[in-house]
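S.K.: Next come the chains, spelled out residue by residue.
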Amino acid sequence: MSGITGREGTFHSLRNREYGTQVVAGVTPGKGGQDVEGIPVFDTFHAAVLETGANTAMIFVPPRFAADSILEAEDAGVELIIAITEGIPAHDELRVFNTLKKNGRSRLIGPNCPGILSPGKANVGIIPAAFFSEGNVGVVSRSGTLTYQIGNVVAQSGFGNSSIVGIGGDPVPGTDFIDVIAMFQDDPDTELIVMCGEIGGDAEERAADFIAANVTKPVVAYIAGFTAPPGKTMGHAGAIVSGSHGTAKAKAEALESKGIRVGRTPTEVAELAVSLLGAARSASSLA
Amino acid sequence: MDLLEYQGKQLFARHGVPVPAGRHATSVEEAVFAAEEIGFPCVIKAQVQIGGRGKAGGIKLAKDRDEAREHAEAILGMDIRGLTVHELWIEAASEIASEYYASVIFDRSAKAPLVMLSTKGGMDIEEVAAGDPEAIARLHVDPLLGFQDFHGRRLAFEAGVDSDVVRPVGVMLAKLYEMFVAEEATLVEVNPLIVTPGSASDGGGREVRALDAKVTLDDNALFRHPDNAQLRDPSKEDPQERMAKERGLTYVKLDGDIGILGNGAGLVMSTLDVVAEAGGSPANFLDAGGGSKAEAITNAVEVILSNPKVKAVLFNIFGGITRCDEVARGLIEAFHQINPQVPFVVRLDGTNDEEGRRLLAEANLPNVRTESTMDGAARKVVELATATPAAASAA
Chain A
13 MSGITGREGT FHSLRNREYG TQVVAGVTPG KGGQDVEGIP VFDTFHAAVL
63 ETGANTAMIF VPPRFAADSI LEAEDAGVEL IIAITEGIPA HDELRVFNTL
113 KKNGRSRLIG PNCPGILSPG KANVGIIPAA FFSEGNVGVV SRSGTLTYQI
163 GNVVAQSGFG NSSIVGIGGD PVPGTDFIDV IAMFQDDPDT ELIVMCGEIG
213 GDAEERAADF IAANVTKPVV AYIAGFTAPP GKTMGHAGAI VSGSHGTAKA
263 KAEALESKGI RVGRTPTEVA ELAVSLLGAA RSASSLA
Chain B
-18 MDLLEYQGKQ LFARHGVPVP AGRHATSVEE AVFAAEEIGF PCVIKAQVQI
32 GGRGKAGGIK LAKDRDEARE HAEAILGMDI RGLTVHELWI EAASEIASEY
82 YASVIFDRSA KAPLVMLSTK GGMDIEEVAA GDPEAIARLH VDPLLGFQDF
132 HGRRLAFEAG VDSDVVRPVG VMLAKLYEMF VAEEATLVEV NPLIVTPGSA
182 SDGGGREVRA LDAKVTLDDN ALFRHPDNAQ LRDPSKEDPQ ERMAKERGLT
232 YVKLDGDIGI LGNGAGLVMS TLDVVAEAGG SPANFLDAGG GSKAEAITNA
282 VEVILSNPKV KAVLFNIFGG ITRCDEVARG LIEAFHQINP QVPFVVRLDG
332 TNDEEGRRLL AEANLPNVRT ESTMDGAARK VVELATATPA AASAA
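Chains A and B supply the protein sequences, listed in that same order.
Numbering of the first sequence is given in the working numbering, commencing with residue 13 and proceeding in unit increments.
Numbering of the second sequence is given in the working numbering, commencing with residue -18 and proceeding in unit increments.
Hints were generated in silico from the structure; no laboratory data involved.
Quick caveat, the model's predicted, so the values are computed rather than measured.
Each hint can be trusted.
Just a few of them, taken from the derived set where beta-carbon distance is under 8 Å, the chain A residues facing chain B:
no. : residue
1   : Pro75
2   : Lys114
3   : Gly156
4   : Tyr160
5   : Gly213
6   : Met246
For lysine to aspartate or glutamate, the following EDC-like pairs were computed, each having C-alpha atoms within a straight-line distance of at most 20 Å:
no. : chain 1 : residue 1 : chain 2 : residue 2
7   : A       : Lys244    : B       : Asp236
8   : A       : Lys244    : B       : Glu222
9   : B       : Lys361    : B       : Glu258
10  : A       : Lys244    : B       : Glu218
11  : A       : Lys113    : B       : Asp88
12  : B       : Lys290    : B       : Glu364
13  : B       : Lys92     : A       : Asp221
14  : B       : Lys92     : A       : Asp80
15  : A       : Lys43     : A       : Glu84
16  : A       : Lys244    : B       : Asp88
17  : A       : Lys113    : B       : Asp123
18  : A       : Lys114    : B       : Asp123
19  : B       : Lys234    : B       : Asp219
The C-beta atom is built at its ideal place from N, Cα and C for all residues, glycine as well.
Just chain A, with the same shape it has in the complex (with noise of 0.2 Å):
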């Protein structure tokens, strides 16, 4: 956990390991040796690695040190980094994203994202957990709260989720729609595909080609801003239509044009999912 010890980072890093996720050491350069509720605090992320064998880093440092920290986890050869920082500048991003897509060893998650969280097995974010009961429908979201919204429609249906992955709502998510989707359809404990995109880029459109193409697991698909207007940005900076480009109208319709069903609600979006599953079930008692 990078950034450990400020007041966001220790609450969210121990309701992390409160929830049965192995959080093993934090990183806060100048504060090595010290300890945040038995976890230790190491200046470096070489130290913490070397010490205690973390593949995976939650980056909850302010935006100015957020690209430094998330090379430093990359250079100390962890796996995944989860980037929760919101605010990260472009630039910083596009280097980022660049320097992780050259050397191939690490992923990124986010920026500006909630995390991921797999129910009864761990949760690296912010994640409300409580929301989220263990099932079959795998989630990626471009926002968080939405996100909420859709798996806790789906818990009181009686479902759950297999996991839920924020990619966040920046310019240059680490991590695309396509490659968790990918990872859905491999995945033997996804049954369905939630995906909840938003306004701005072509991210949606891309991953509506590559569900025809590829994935033979059904999904649903959420796009928010219908009513954004064109060159204002909705609260997460890669929500933007600029000019004619990334309206949530022609998301949908890119989708809807490869048979991907499009909820016009979030509710709905999550009574679709439910109503698919629940016929997939019967039937299968049937057979």
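Guided by the hints, dock chain B onto chain A, whose structure is given.
M.R.: Relative to chain A, chain B alone:
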């Protein structure tokens, strides 16, 4: 942050991109003085961030002092497609032999800067791209390597620029790229990039120059660029948006009459959609953020109600880090402080939602009703906004 033309050109000049000599003016007197300093003929240009300034009469050539005065008087205060002109840029007139187009764009899809060059400048580049895509030379640059001389040559040859300006065009592209990186821009666009006819005095050598500038800077990087953070566009400043910014809230003003508050950008965007789907028209986007405390909620209510068009307000909270009881306390405090006169619909779900609803029930606020689902809350607020006559909202 989108810059005005003159702000972009000042950055160009700082990075060695050739631009005509120019001066900034906010009054007729300043404009006339600037025109005399620059010499005639000169061009008086309205500084607003919108296309079609020339067609709207916002760009005029002045041959002498009287014309400069006349044009400055006409353009200052002019309305160009909804934007009022508060600022002018007075610039030396350029002779034009050819008009090209050049840009550096933050291509989020390719995750690399994209440099584009075309000899079809002076017109809408999206139209060129649609009608004649071959006319635009494009090249992605590896951000870890940076822009090399060969990139510039390749673009210039592939775009088919006149052979005598291959070198200066390549140099200009290199400088635009350097500025894109140094100022942490997400867009640097020059349209038109002009080639001058050349003059006998300098041996007939033709020059290239940026005649317009469209620059967008990354807001998240402004902390590293304090000078850029000071740049302002008075024609775009909105009182509610400024108030929200001062209070650290993410607020975007929209055209409708239903005030919206939620937590998390995705959920708020989705709330706007669900309200529109129910037949309503949102007045704003407001993300109170994760972990919102009561004070942030009180502030947010003030910002929402400072827009006089608001006839009803919807709170849509799914508490993760945000605690619903804190949201309820903030709303109760807001009612004590500003006594809103418009109806509120509050949907609280998630962390401590029961406690939040209990607090609201106990406070028994006038005009506040709770709903348990997002869709139901949207329908309710639309119904209330439709029933409420347009009137001043906050007391």
